[in-house]
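*Asks:* Following the hints, position chain Z against chain S.
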Amino acid sequence: MATPYQERTIPAPHLNEGDAPYFEAAAQGKLLVKFCNDCKQYHHYPRALCPFCFSDRTEWKEAKGTGTVYSYSISRASGPVPYAIAYVTLDEGVSMMTNIVDCDLDTIRCGQKVTVTFKPAEGGVVIPMFKPA
Amino acid sequence: MSIRGKAYVVGIYEHPARKIENKSLARLHAEVAKGALEDAGLTTRDVDAYFCSSDAPGLGGINMIDYLGLTVRHSDSTNTGGSSYLYHVAHAAETIAAGKCNVALVTCAGFGRRGTLARDHGADVPEGAFETPYGPVTLNLYAMAAMRHMYQYGTTSEQLAWVKVAASHHAQHNPNALLKKVLTVEDVVNSPLIADPLHRMDCCVVTDSGGAVIVAKPEVAKSLKRPLVKLIGAGESPKGQMGGKVDLTYTGAVRSGPIAFDEAGVKPSDIKYASIYDSFTITVVMTLEDLGFCRKGEGGKFVMDGNLISGVGKLPFNTDGGGMCNNHPGNRGGITKIIEAVRQLRGESHPKVQVRNCDIALAHGTGGSLGTRHGSATLIMERE
Chain S
1 MATPYQERTI
11 PAPHLNEGDA
21 PYFEAAAQGK
31 LLVKFCNDCK
41 QYHHYPRALC
51 PFCFSDRTEW
61 KEAKGTGTVY
71 SYSISRASGP
81 VPYAIAYVTL
91 DEGVSMMTNI
101 VDCDLDTIRC
111 GQKVTVTFKP
121 AEGGVVIPMF
131 KPA
Chain Z
1 MSIRGKAYVV
11 GIYEHPARKI
21 ENKSLARLHA
31 EVAKGALEDA
41 GLTTRDVDAY
51 FCSSDAPGLG
61 GINMIDYLGL
71 TVRHSDSTNT
81 GGSSYLYHVA
91 HAAETIAAGK
101 CNVALVTCAG
111 FGRRGTLARD
121 HGADVPEGAF
131 ETPYGPVTLN
141 LYAMAAMRHM
151 YQYGTTSEQL
161 AWVKVAASHH
171 AQHNPNALLK
181 KVLTVEDVVN
191 SPLIADPLHR
201 MDCCVVTDSG
211 GAVIVAKPEV
221 AKSLKRPLVK
231 LIGAGESPKG
241 QMGGKVDLTY
251 TGAVRSGPIA
261 FDEAGVKPSD
271 IKYASIYDSF
281 TITVVMTLED
291 LGFCRKGEGG
301 KFVMDGNLIS
311 GVGKLPFNTD
321 GGGMCNNHPG
331 NRGGITKIIE
341 AVRQLRGESH
351 PKVQVRNCDI
361 ALAHGTGGSL
371 GTRHGSATLI
381 MERE
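Top to bottom, those sequences are chains S and Z.
Quick note on numbering: this note's numbering labels position 25 of the first sequence as 25, and the sequence is numbered without any gaps.
Quick note on numbering: this note's numbering labels position 7 of the second sequence as 7, and the sequence is numbered without any gaps.
Okay, chain S solo, but in the shape it has when bound:
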């Protein structure tokens, strides 16, 4: 069995105030992660206030863009084409929801090394995703 990756239409996400820098960086091929300058921890999804210490001294840092598949699932009946949702644990230590792309989806495994790539959504928004390293 093989389930080749197929492009799918991704509606433009609604951005809340403060979300734009993440997507502006993605459009330039960079993955950002929020870092707290007080407790020195990364967090994701990004917040204005650190979820660990509630400091407002959070800032965007560029992630290395490499990580490991924590878990995944192939949706075979939830859209026009199959797609792989996943959590990837970044080398910075935080896990992010994402899609695994550009591979036979049936070969994805927990623990697999992956690297960031970028796919277009509608409205010119660019979304970070991951492919096998």
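Just so you know, not all the hints are guaranteed correct.
[Claimed, not checked] Here are the computed lysine-lysine pairs in the DSSO-like style, where the Cα-Cα straight-line distance is at most 30 Å:
no. : chain 1 : residue 1 : chain 2 : residue 2
1   : S       : 64        : Z       : 314
2   : S       : 30        : S       : 61
3   : Z       : 245       : S       : 131
4   : Z       : 296       : Z       : 245
5   : Z       : 245       : Z       : 272
6   : Z       : 245       : S       : 40
7   : S       : 113       : Z       : 296
Just so you know, these hints were derived from the structure itself, not from any lab.
Please read all numbers here as calculations on a predicted model, not as lab measurements.
*Replies:* Just chain Z now, with coordinates in the frame of chain S:
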């Protein structure tokens, strides 16, 4: 302040329909309210508190309070998805213990078969832009919890299937159950894979239905003619992604369970019957571990070989057929978890599935998603 012994479940009703046309949502809530009040031997004039979740139409409870003709001094519209109603019963008991109400009505109703949409909790949810582009739906989020459990603990599809098989053994005796066919492990694992590693038969049913529960103070409960079912413990706890320290191997039951067991003064081994929220087979396996019925990672082994089947295994569960086979009204299975636990304690479950000497029962709800954020709630009840 403890709720232990401060409140009783005095009325229950599960709507017998599973597919409904030509009835309004408000009417469905009213029908289940009427059923539970008649079961208790009470009327709307006795009700002084109303609890509902977002399945009820309107602004919190106020539209339904008006529609039902209630005059209440307390209302609560806590929404934690399918577990809301276990939160409601716990909050009703707290309200009664505080002397702020005497008789609380909890209703749930919905038309699940009109279609399930991709989860959308509104534009302002803070995680929205960082999740919705990836196509998260109920199925694939629970599936990711299952996939990690398999990777980390060696749980198998065949083990998960036993949850559905056990529920189907119970559902065959429930004339109202949507699926009454007895299933095998092979039936489940050979059903189509829809979100790896979950198959179609790893999922609960989708129904139009509802249910209601009445909670009352001891003086009211003891004045009625129904068997006495006393609340002795309750715990609640949401769990999320923890700022990116994502761990899909456990549920909020690791907190709600011990709170409820401590308050009740009982242990998992004291529980004769358990209603365990069964949105998916994996939900049951993880919840049983987190409530302490078996060790972490051993839930798959625990559910095998009919261990959840009444009269066969050690822990009879969901003897109405559960969400797996009986009913999951409006995609919210919490109310039916409470109802079947009360039936067991009253001795009113179907004779083929009634647990002998059922004196202590547990009901547990998991609302939202194991893969992102969910609200867990545990109730422990005792026959008096």
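*Asks:* Taking the hints in turn, state whether each one holds.
*Replies:* So, going through the hints one by one against the coordinates:
As the CA atoms of residue 64 of chain S and residue 314 of chain Z are separated by approximately 50 Å, the hinted pair breaks the 30 Å bound. At roughly 10 Å between alpha-carbon atoms, residue 30 of chain S and residue 61 of chain S fall within 30 Å of each other, so this suggested pair holds. Under the criterion of a C-alpha separation no larger than 30 Å, the hint pairing residue 245 of chain Z with residue 131 of chain S is consistent with the structure, at around 22 Å. Restraint check for residue 296 of chain Z and residue 245 of chain Z: the C-alpha separation of about 19 Å stays at or below 30 Å, so the hint holds.
Under the criterion of a C-alpha separation no larger than 30 Å, the hint pairing residue 245 of chain Z with residue 272 of chain Z is inconsistent with the structure, at around 36 Å. Between residue 245 of chain Z and residue 40 of chain S, the direct Cα distance comes to roughly 15 Å. Compliance with the 30 Å bound is thereby established for this hinted pair. Pair hint residue 113 of chain S plus residue 296 of chain Z holds up; C-alpha atoms about 27 Å apart against a cutoff of 30 Å.
Checked against the numbered hints given earlier, this structure breaks hints 1 and 5; the rest are met.
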